[in-house]
Structures are given as structure tokens and as C-alpha cells.
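Below, each chain spelled out in residue letters.
Protein chains: 4
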Amino acid sequence: MTENNTETPEDIAAVPDHSDVAIFGERESEVRSYSRNWPEVFDTAKGVRITTESGEQYLDFFGGAGALNYGHNDDDMKAALLEHIERDGITHSLDKFTVAKRRFLQSFSDKILEPRGLDYKVMFPGPTGTNAVESALKLARKVTGREAILNFTNSFHGMTLGSLSVTGNSMKRAGAGIPLVHATPMPYDNYFGGITEDFQWMERVLEDSGSGINRPAAVIVECVQGEGGINAARAEWLKALSELCKRQDILLIIDDVQMGCGRTGEFFSFEFAGIKPDIVTLSKSIGGYGLPLAVTLFRKDLDVWAAGEHNGTFRGNNLAFATAAVAIEKYWSDDKLQNHTLENGKWLREFFGKLVEKHPEELELRGRGMAFGIAFLKRPELAEEALAECFNRKLLVETAGPNDEVIKFLAPLVITRDELEEGSKICAEVIDELLSK
Amino acid sequence: MTENNTETPEDIAAVPDHSDVAIFGERESEVRSYSRNWPEVFDTAKGVRITTESGEQYLDFFGGAGALNYGHNDDDMKAALLEHIERDGITHSLDKFTVAKRRFLQSFSDKILEPRGLDYKVMFPGPTGTNAVESALKLARKVTGREAILNFTNSFHGMTLGSLSVTGNSMKRAGAGIPLVHATPMPYDNYFGGITEDFQWMERVLEDSGSGINRPAAVIVECVQGEGGINAARAEWLKALSELCKRQDILLIIDDVQMGCGRTGEFFSFEFAGIKPDIVTLSKSIGGYGLPLAVTLFRKDLDVWAAGEHNGTFRGNNLAFATAAVAIEKYWSDDKLQNHTLENGKWLREFFGKLVEKHPEELELRGRGMAFGIAFLKRPELAEEALAECFNRKLLVETAGPNDEVIKFLAPLVITRDELEEGSKICAEVIDELLSK
Amino acid sequence: MTENNTETPEDIAAVPDHSDVAIFGERESEVRSYSRNWPEVFDTAKGVRITTESGEQYLDFFGGAGALNYGHNDDDMKAALLEHIERDGITHSLDKFTVAKRRFLQSFSDKILEPRGLDYKVMFPGPTGTNAVESALKLARKVTGREAILNFTNSFHGMTLGSLSVTGNSMKRAGAGIPLVHATPMPYDNYFGGITEDFQWMERVLEDSGSGINRPAAVIVECVQGEGGINAARAEWLKALSELCKRQDILLIIDDVQMGCGRTGEFFSFEFAGIKPDIVTLSKSIGGYGLPLAVTLFRKDLDVWAAGEHNGTFRGNNLAFATAAVAIEKYWSDDKLQNHTLENGKWLREFFGKLVEKHPEELELRGRGMAFGIAFLKRPELAEEALAECFNRKLLVETAGPNDEVIKFLAPLVITRDELEEGSKICAEVIDELLSK
Amino acid sequence: MTENNTETPEDIAAVPDHSDVAIFGERESEVRSYSRNWPEVFDTAKGVRITTESGEQYLDFFGGAGALNYGHNDDDMKAALLEHIERDGITHSLDKFTVAKRRFLQSFSDKILEPRGLDYKVMFPGPTGTNAVESALKLARKVTGREAILNFTNSFHGMTLGSLSVTGNSMKRAGAGIPLVHATPMPYDNYFGGITEDFQWMERVLEDSGSGINRPAAVIVECVQGEGGINAARAEWLKALSELCKRQDILLIIDDVQMGCGRTGEFFSFEFAGIKPDIVTLSKSIGGYGLPLAVTLFRKDLDVWAAGEHNGTFRGNNLAFATAAVAIEKYWSDDKLQNHTLENGKWLREFFGKLVEKHPEELELRGRGMAFGIAFLKRPELAEEALAECFNRKLLVETAGPNDEVIKFLAPLVITRDELEEGSKICAEVIDELLSK
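From first to last, the protein sequence lines are chains B, Y, R and A.
Take the first sequence: its position 428, counted from the start at 1, is 437 in our numbering, and no numbers get skipped.
Take the second sequence: its position 187, counted from the start at 1, is 196 in our numbering, and no numbers get skipped.
Take the third sequence: its position 237, counted from the start at 1, is 246 in our numbering, and no numbers get skipped.
Take the fourth sequence: its position 282, counted from the start at 1, is 291 in our numbering, and no numbers get skipped.
Just so you know, the hints here were simulated from the structure itself, not pulled from any lab data.
You can take every hint at face value.
Just so you know, same-sequence chains aren't split out, so a pair can sit in one copy or run between any two.
Straight line, CA to CA, 27 Å or less: simulated DSS-like cross-link-like pairs of lysine-lysine:
#1 K387 x K255
#2 K363 x K403
#3 K434 x K363
#4 K403 x K55
Computed from a predicted model, the values in this text were never measured in an experiment.
Here chain B stands alone, though its shape is the one from the complex (with noise of 0.2 Å):
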């Protein structure tokens, strides 16, 4: 399952009877959609696994969409979080300075961004991910006075109108009834399959003065493609982007909302390729437990805002400020997690190796660290069945990929061996049993 498919499932119909869910089919919309595929009723949740009110527990390897980094209400940040409220710690704020946000930012700066030498504003846009988006579109266009961005096939930027307009999908961008403009895609690292030189035809464009592009405000990329099929663009291709961006003089924005916070090993997703890229966006596991927050940073002379030029009401989140700050110090602090999460990454690929082996023209494994995807290379739609089986045998993942082709695994960052080869083992079986049929 992605978010992309539109047959509508009894999902209602389809929890067991030991829960009341009528106020659901009575009054939630139709656009609902994780219910559809995992009709359940969920409670409570710890570490990687969550709990449904009947007592049933699954191992989740979905992750909240790369939300969950650190795994559902860590107990460090949970403390945190009950002592702030305890206290009556100012819940909401706008864009007061605020004790909370103080001791965040102060975090963010001394271990993520010092270390890594950016030199970067921090600007609290609205505490999502297609708002950090937006304001970040916004900006590299008010810097440049230019209008038109480049995006990339596959990308997933969000769902308000300037995120979906760089964004790729189909079904999600015919949702905005409008035609999309001022965005022209590019191909994405290796969208030919490695024949050609995926570059070859964004510069020829944007060198040629008759190519018909509008000169460009700014790039916009993942480093990998979550939404898109766990596409990993390689460190050359960023690095080459990165410098054709330079070039050109047009800003290349890294949205890392859902591979940011070390989900590739690194806390940012571009660190390997030795970029620094004008802007970033962040969100999903940067409040650290689940809650709303959202970043953009950018380089320091590009801060041109005018006071209030862009706002939003929960931008100053205190609950989240608390337990990001928590996240920071506890898992940036030394290079521990960044470890455990690339070995992870090279455990989950010598694993499935086997299984790719064993169906060497069916299967290919994507992805990079702890964004890690099996595609099915000739029956897409056993992705969908096998996402439905693992839920079967207690395990969530999801599908991605434009004809949801792709295992999407975005398993907590802090997951131990032991769970990780759990549910590692409920999936391969599964593959397995599906291609053996």
C-alpha cells in the first residue's frame, strides 16, 4: 500500500468485532487511507512495536513514514515531555522565544550543525513537512526573482499547492484541480537504468538559451526517493548536481523530511556526498517522538525574510521543541546511532542478498542505510500482497513506487538485531512463499 491506490477496501468491515469503529465509517472521510490496509484499532505503542485495544502487537517497520527514527515514545523524550507539561511549560507560542525553543535550537546548533561546518538560519515554518516545503520555494524564488523550479521524476514533496507541484505523482497532482505549473521535472539518478548519462539532459537545458526551460529559481531532491520507490541517487550525482546548481547560479534545496535525522546513517542525507546545499528542509523525526515540527535552514546570506513574510500558527510547537532538544542530545551526541543504523543498513542487504539470489530477475533491493526497498521487478503487484500477509503475521510495511511495486521498510533507527531480523524473516518468507506459487 502507498497513499496512491484508489479502490477503497472495506476497511471498515474489515476490523475485527471486538472494536467499535461505526463513528469511523459514519464520519471520517473517504481519503482515509492506513486504516483501509490495517484495519485495526491501535492504543498504544513502544520501541518498534504498537498494540492494538484488543492486545494485539505488531512489530512496525513502517515507522510513521519516517517519523519514528527513535522508535514510538522513548522514554527519555517521554520524561522530558511529562515534566514540560507537568510544570505547565508554555504549550503554544507562535514565534515568541520561548525557553523551550532556546534549548532546541541551541542543541540543533551545537551538535548537528556546527559539527558538520553549516553555517545555517533556522526558520520554524508551520510544523509540516509541505510547509517547510513551501517555505522554502518561496524563498529560493524571492532570492532569485525567478519563478520556475526543477524537480526530479518520482519526487514526493508534499500536498499543498507548491509542494504538489514539484511533486510527482499522478493521482496526487490531478488532486489539485488545477493544472500544476512552474515546475519541470528532470530524470532522477538512474532513471534510464544506468544506459545513459542521466545528467546529460539537465545541463544540455539549462546551458542552451533556446531549450524553452525557464531559467530556474532553484533545484529541488531527495537523496533518496522514499514515496518514489526507495530511489538512491549515488554521492557522484549529487555531487555533480550540486555543482552544476553552482554553475548556473540557481539554489539546490535538499527536502530531507523523510530521509533527514539519520534515516541514511548520517543525521542529513547529503553529508555522504560532501555537498552543503543552500537550503533544507526537515520535519517527520526532527520533534523526535512523533510530534508536528518543521525546519528549513539556509545559508545565512540568503535570509531575506521580512519579518512575518511567512507564518503559521503552530510553528512554535513546545511539546515537540522539548522532545527534539531530548532526540538531539541524547542520539547526536556521538556517532553511535549513525553506526548502529549503517550496519543495520548492511545487515538488512546481506540478508535479502540471499533472497535476491534466489530470485534474481523478480527482486532488487533499493535504498541506502535504513531507507531500504524490494522492488519486484516483474510482478509489481505482489508488493501489495505481500504488504497484506506481513500484516497478516504482524508485521506493518508499506509500499512505494509509482505502480507500488517496491517493500518500503522505514523501521525505527534504534531498532536492536534481534527485532530487525524479526520481522526481516516474517517478510522474506513471505516474498518467498509469493514468488514460489
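Since the structure of chain B is provided, determine the placement of chains Y, R and A on it from the hints.
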């Protein structure tokens, strides 16, 4: 202060030296706004008061720009929140079924929708007002197959591209960096000062096939314009608008993000006019405790969404569901809060009415219920001066209107009469002194 | 008949059988329009009369929709044309310097621009009105750096995308196949029937920074709206519009494609108001003989074009230059034609005034000079019936207005009083009979 | 010189002093282009030669940018034109049926459409190429209900907003003053110098639902790109494009405004590829004598226009109908002109082939038939120098290409071999001298 001002006061320099604010100056983007006029570091809050880290207490008539109708850190919601967290209630769930969401839906259905005869579906579009507006516009376009939207002079609907395109403020619009199209503004009620029939233009262009107006999918309107200057539409105007929409087969969207949840007395700001909009957006105070949440409501027959056609990572914010359910059950099981609001609103108009009698050519009262404004008719710049002086006297109020000429009260609805008097006296004295200089 | 009607009369079947029209039915697109209501095959023409191939003669009060102000095949222009062709004068020259262009420019400068104190540059944008409008909009946007344009209800400016976006007619707009954006219609003079001040809305939204109107580059307006129903703006309204534009630093474009070249008496339709627009478009009768030609005029300081930034293959139509020069020299060296037009216009109003006196609730006279309209106030469908019956009686007239409710005369200005009486009597009788049924 | 150059040579100052050119300097807009490099006042023309007012004769290999395929002032067309004018044949008729239009339609049907098995409807969209393109785009959007268009790198389709949006040249696009949207450029044949399969990108993005390309209504393409640098697409590429369009249910529009009417040998430039486009645009040489005329052709089942949905004052230019009929009857009743063109084209390639052999790294030949280009591969600036020196030696040639690096021949097709040799020798000598400096 509205968030429109482009001057950059030395907010950092103005912070009293008992606070360490270096990190804000170093790292936070120049887009920050409220901190400029209220240069203090806030720490805790309760009811209508917030306290800085050095122990200074402020009376909060700003109310989180409408997100704190129930005051800061309400004890019953706090208890529910702590209980949810302590027992490891699931925090982040996207749109899975959860126990917390079920309780919210049930309460919202029982206490809000059913008693008002509103047979709406409920959509969780992402936890911000602008997300709700974007989803409303998408749905209206999908249902009708048309692109154009009618909005109103001095409207405010949010900062992402779709919402911004239906927003009036020229500074915020310019921030888009692209021409904002597809929306045509119509004159809001009383736009011409009562001299002419404001509806004439809108009716005429819709009926004239040669008017050049693209046939609209929907009209989007606030019953009281908050950012626009606390402009309250009359019941008869709203009723006529609703009828015009029906006659012309255009959907009516009420944006109740700021004016809903009891701000004008009744739960929805449109109830007093006896109309039933096709689509309604809610956010800000719907979470109860100042936590990010938004809902989009619409007639059941308009629920034509494909599964996942609009989504968002934080659309299931269970902490907010927990507090939102308490807010509804506590405050909307009877009409006490509603009556309290209407009485306080009446008191405000009587109290400030005396000030207007003293300065009849300088001042004008605006608004409805506890959406209250005092407009400076001749010397708009005094509003900002009053705001600054109120801050000196430990009262937070905001300004609004195209020229920041209106002092805006969005005090928590749970304010006591004594608290209301306390703050109103400060404000009245400040205004009187300024006008008497 | 305007060209708005979507019904498809059997135009081919209606052609008298002395004519061979099979090829039209077989090959010509259904987009054809005038042939539907005037199903004859025309062959020759002179002055105000055109003759079919079978020798039927029609009195032409339609005047090529404004392209034949000097009548069909004027003898002096014909002589110049023949002489140019016989001596192999260059026909096609793009924008090279030619002897024929020089003569046109000199005559236009000496007889038209200088006597009126209009220090304009002359641009040849391609030989059609819509090309002139497109170039005017481009120039206004280039000069101001803004995108938005204000147009007026029931305006008509052409069929290419730029011109269509500032045109009011909904059927023609729908033909674009994309949402037409960047233009906002304002109420034309007398749009509300004189009850209210039509200017109020426009002035207010331009002065209000919160109105939601994108700051416009220019206002484009016809002094008399032809297609829109022969609506004539008053001098004081045009003067106020001109002053508003100056005050707001917005360029004023007068589209004089149909109403220029003496149609309202003076050469330009704006002269009577004592204003000097920033940009003026001319086409239709500027070529004199019905040959394609267009010019765009603008203040010298606005001539910021790069060489070739707007071009077109037929922008130097030397046959049209040859006839245009004769037209100007013959008809605009003195005020005879102007006076003739004003007197004929006066006579028309007196003559049809009697018909209005007889049917005061049914009819209304419209227009200025020889732009003349008779509106059917209560039974708009009678205008089309009148047109058809006039055709039966050998008179060509057109209809106009959003509901095709206005009979429109654009008779050649060179018409004699006798010819004017002849056609007017036919038309008056037809109307009287229809209203008296 | 293409029309892209932004420098402003002192064209007026350069005119020899036997001519009076003051009025051009005083009144004609700076947008003028060709007069800058050819600062003479032209008076008469015949065949392939034009003569200035002082009697200087130039050999014209520029051919009215494609509008003079039959040369200047062809005697048979001249006779028909004079006869039409002398007998007062109707000149201006909008889209009424006329004798002259019937003859044109009949000849076009008999000599052009039927022999080629093209069952097209014929539309008269206004007498310029850009008008034909605008009508083609409208129709494609109406038929498909989609907005997006695919165009190609270095395309040129016209200067009105719709046509400009599918044009590649960045200087001309910037002239729009608004962001040009709805079109996405694809790589033209051989865009990558033959290294990679240019079709790969286009096929892939159309087939990938996640590519981010809005599903297009149509593809618009020139079989040889004139302004873009005389780039000729291969037959197999065009065939593949046609098949891709069919497979993807996208309409194929061939813009034959410049390359039609025999320029490449056959009447239509697409015939050699054995394809039948859905829509075709023609203008420039279709009128025969250099008079403004344009037609849009389309499959009969696409004729969904409402009457008058696209119109234009000069869409019935009877003088052009008269000459166009003669042109078709004289030149397209047999294959003499076609063969002459192909043979001359072959000769040109042989003749200049020797020059390329002498300077193999500097020069490249381009084009097909009598669309002929000589590209300066290493020193693009020499093309402009060659143009100027050719002018000194009494030969008119133009430059083309994104960097004006291509000398472009669009000599009249009726040119004799002697004339062709005469001009070619001048040009070859000039180039050789420049390269040998």
C-alpha cells in the same frame, strides 16, 4: 503588530539581560515576528497569563492568535494529556484508526455536529489551518471541475500557495514569488462603508456571461475577518451569500480556523446566520490545548476523495485528539461557555463604548462575541504604539487590518470578568492617553 | 448574430442553388460564423454595397466589423494599390525600411499624431488587432515588471491567449482550454445601470493593500465596447480612469482596434475625453482598404523593446501601407469626415429616437458617433430575428452584447445620408413589426 | 542576424544619404529588427531580387523568412491580383462565403489534400502563423480536455502568448512578462549530438505515472526547425514520434508555417516521413504573393469548434485567396517545383560540401531540401560577420540558432540554378575568407 510589518526592530537587543538570547540572534531566521515586539523569553503559562523565565507575568489577550480559546494549559486537558503519555498511548499514527481518534470523532459528532443538524464528514488534512484550507479548495475543485475561487477583500487563509492565493494581504502575497492566480476578490460586507450594496458587484458578475469572471468552484469566506481587521459580516449578508451560492451552484466554504470553536459565541461562527456551508475548515482551538490539529468538514455527498488523495504525516496527532475530546466534552456539553462569551462580548462593547463616545471620530469598535477590535480611524499608527505600551504594562494584544490600524483582542474565552476588566482597563487607559496627547 | 452563438444553422443548405457551395460544406471548419446567417456567396463590393455572385446587392451596415470605415474598395486607395502592384512595389518586407512604409509613417505622423500632440512611437506588431493587443500587454509588463492586468466587464480584445485573458465573453474564454489568469475584470462605466458609482470598487481595491488584487501593470479599456453591446463610456469616466492610473502608476492602454480611425467622430475614440493614453492599439480600418495591418502606439519613454523582441512575418504589409497612407491623406487632412460622422450619428439617434418613444420599455439606444446600437431590453431574442429579417430585406447588420440583444451598426463612415436613411428605414420597420406582433 | 540580437546598431545612421529615413528614427519603435542589419530603403522586387529606392539590387536568399517560396511578385499571381482589384472583387469578408475563398478551397482540396489522402478540415484562424498555432493549441485542448503541451528544444512557434509558451528562445520568452507555463520541452532529434537516443526521455516520462509531467493534450513540432538553427528531424524520428502520440492518445501538431508549401521538397514537410499529423498549421507562403494568410488543418473528427469560438477580423483576406489559388494551381499541379527544390537542395549540399571539406572542424551543413543552413561550430560569431559581408556584396541571408551561429538560406524555391550559384558563390567566398583570416 500584525505579522505584516517589514521593519526589523532590534528584538534581540531589547531582551532584558537576565535572559540568554544569543542563540536566537545567531540562528533564528529574520522571518520571526512576534518576538520583535514582545522581546522576552517565555517559560510557563496558565489560563490567561504567561510568565517569562525571569518571573514577569503577562495578561494574554492575544490568545495564540485564536488557538487558545480555552486558555493556556487547561487542567482537565492537561490531566488527559499526561494520562495518555504516561500509559504510552500511541502518539503518531498517520490516519490509522486509534482509540484517541475514535473518542474525538465521537465527541465531535455527539456534541457539535448532531445538535446543530450538520451531517458532515470529517477529514484530517494535516494539523494546520492552511492544510485544511488547501484540502477544502482541492475538494471544491474536484467536485465541480472548475478552477476559479472567489475570495474577499482583506481575507486571510494561510501561507501555502493554495491558501495564499485566496488571501488579500499584499505583503504576504508578494512572498509567493510567483503570480497568484485562480482567485478573484469580491468586496466583503461593508467594504464601501455601507454607502452601497456590497453584493451588487458579486451578483452581477456571476450572472453576466460577459463579465470576464471565470466561473468559480467555490466562495471562501470568514464570518469575521481576523487578520483583515476584525471585520464582522452581518447575518443577512452571509445569508444572501449562501443563497447566491446555491442559486449559482457554487460551493460555500467557511474558513472557521480562527473564528470557530466558540470565538463568536456559538461553536461555529456561521450559526447565527442560520446557514449551512458546504465545506468548513477548523484548526487553531480545535485541539484545545494549543496542539496542532485541523479538520475539514463537508457535506457527505461531497466526499469524493480517493483514498490518500490528500494526506500528511501529522494528520493523526493523538495528543491533540486527547485534549480536543476533553475540550469538546467539557465546554460544549451545555451553553455555559457560549453565554459567557456573548456576555463578555457585550461587556467589552459597553466598556469600550464609553471610550468611543469620548473620541467618536478617532475610534470604532469591531467584531462579534469575543472577536473584538478597536480601530483607529484617523491615526492608524497609534495602534502599534498602543500595542507597545500595553506590553510595557504587561498586557499582550495584537494589531490587525491592512494598515495595522486595529487593536485586536482574541482573549481566551474562559477569561473571568475580572481578568477581562483588568486587561481592558489597561488598554483603555493606554488608548486614552495616546489620543489625549 | 454575434460570433458567440453555438447553434449550427444549416448555412450550406440555405445557400440559393445558383451557387456551388459544396466545397465549403466539405472542407471549411465548423468554426465558420458569419456565413451561417448570411448564406450567400459574395463576389464584388463598392462603397456601402456588396454583391453576390448571382447579382443580389446588399446594403452593408456591418462594415467588416469596423474594418471598412472608408467603405469597400475606395477608388483612390484602389488606384494607389493598383499602381503599387503594377510597378512591382515590394509586397512583403518584414520590418525592413520600405518606401511604402515611409509614406505611411510620414502621413500618420503629420496628419494624426502631430496635430493631436501625441508624441508616440509606432510599432508594427503583426497585421491583426490581437497582435497589437498582445504587444501592448507585453510592453506594459516589461516596463512595470508586473504581471496583472485590469480589464472590464464585457470587454473584447482578441482570440490569442494574451488577448483572450482580458476578454469578458465566457464562451470565447472557455475556448482557451486552460484557465485564463492574470486579469481581473472591473465594472465598466454604467455597469450597475447608473445606480451606484462604478468607480468605487476599482479605486478602493487599488488603494487597499489588503484587497487581494495583484498590483496591475496596466488597465486595458475600449472607449466604446463593440462586441460587448455598443456600451459607450462617458468622458468623465474615462478622465477619472486616466487620472486613477496616473495616481496609481498603472499604464492605461486604450484598445482602439474597432472604435478608432474615426468611428466615434474623431480619429481616436479617446480624444473627446481629453486624455492621452500610455499605449494605444489600432487595426481594422487603419489599412483603409480592408487589408491586414495593425499598429501599437506608445509614449516614447516606454519604447524599451529589444530589437526583435516581438515580431511577426506579416508586420510589413506594403499593400496595406499603400492604401493606409491614402486613407489618412484623403480623410484626415481636414475635419470633413469627422463632422460627417458626428452629424450622421446625431441623425441616427434622432431617427431611432422616435422608435424608442414608441416602444420606451423595449428599446434603448447605445453608442457614440457612428458606433450605434439598439438594445432590446425585454426580449433579447428579437435582435437575432431582426438581423435575419434585415438580411431578407437586403441589409446587413450584426448583433452584439452578452445575450446578443443589441443590433449593432458599424456602417462605413463615408455613407451618404440617403444610404443611411435607406438602411435605417429598413431596420426600423423590421424592429417595429417585431415589437408590434 | 536573427531577430534575437539585443544590440542596437545605428541602423538609421547607416542608411546611405540618398535616402530620407528621418521618419523611421523619429517614429518607428526600437523593436524593429531587420532594418538594423540591412539599412537600406527598399522599393521594388521581382523573383529573387529586390531593389532599393536608389536602384541598388540585392539577391534575396532570405525569402521573407519563408513567406516568399514563389519569389517576389510572381507574374501570374500579380495578374490575378490586379484583375481581382480592378473588377472590385470583395477585399474584406471576415468568414463570409466568397468566390475567391471558394476557388482557394477547391484548389487546395484538389491539388494538395486529395492527392495526399489527407481528409482535413480547413480553418481560417486569422492571417498569421501565430494565429494558426493558437487555434491549433486551443483545439487540441478542447478535444482532449487537457492543458499541457509538449514542445521541443529550440522550437519557434510565434509571439502571442499561447505560441510563445511553446517556443524555446529565452529572449523571446522573457518578453512575455509573465511566467510561461503549460508547456514542457522535450529534446529534439539529435539534441544530444547522436550519442544517445533522444526519444528515451520523452517515452519514459509519458509512460511513468510518477514522472511529474502533466498528461499532454498534444505535441507540437516542426519537421525542420528554422529559427532554431535549420535542424532537420529524421524520418524515423518523426515516425516514432507519431507512433508514440498514437500509443499515448496525444494529438500530433505539425507546425508547417515556415517549412511547409514546398520548402523541403514536398508540399508538406512531414510527407517524407510517411506520417499523417492530427493538426497542421500553414501560413507564410500559403498566400503565394507574400500576403497575410494562414490556415489550420485537422482531422474531420476533431472539428468540434463552436461557431465563432475562434475568430479574427482578417481571416478572410480575399486578395490572398486570389494569389494563393494561383500559387497552388501553377506550382502544385505537377511535381516540377518539388523536383526542382530537391535538386537544388542536393546541389547546395554538394557545393558547400567542398567548403566543409576544407574546414571540417569549423562548419556543418544543416537542413533538408531548400531549408539550408551552414553552422559555425567553433566560432559562432562569424555567422553574423558573414551576414554583414554578404550584404556588402549584395546578398541577403539570415542567421539562426540559439547563438546566431547558423547562416540560413530560405531562398525562393523558384530560383534558377544560375541564381542559386551566384548567391552561393558569394556566400562561400565570404565564409572562406572569414575562416582563412
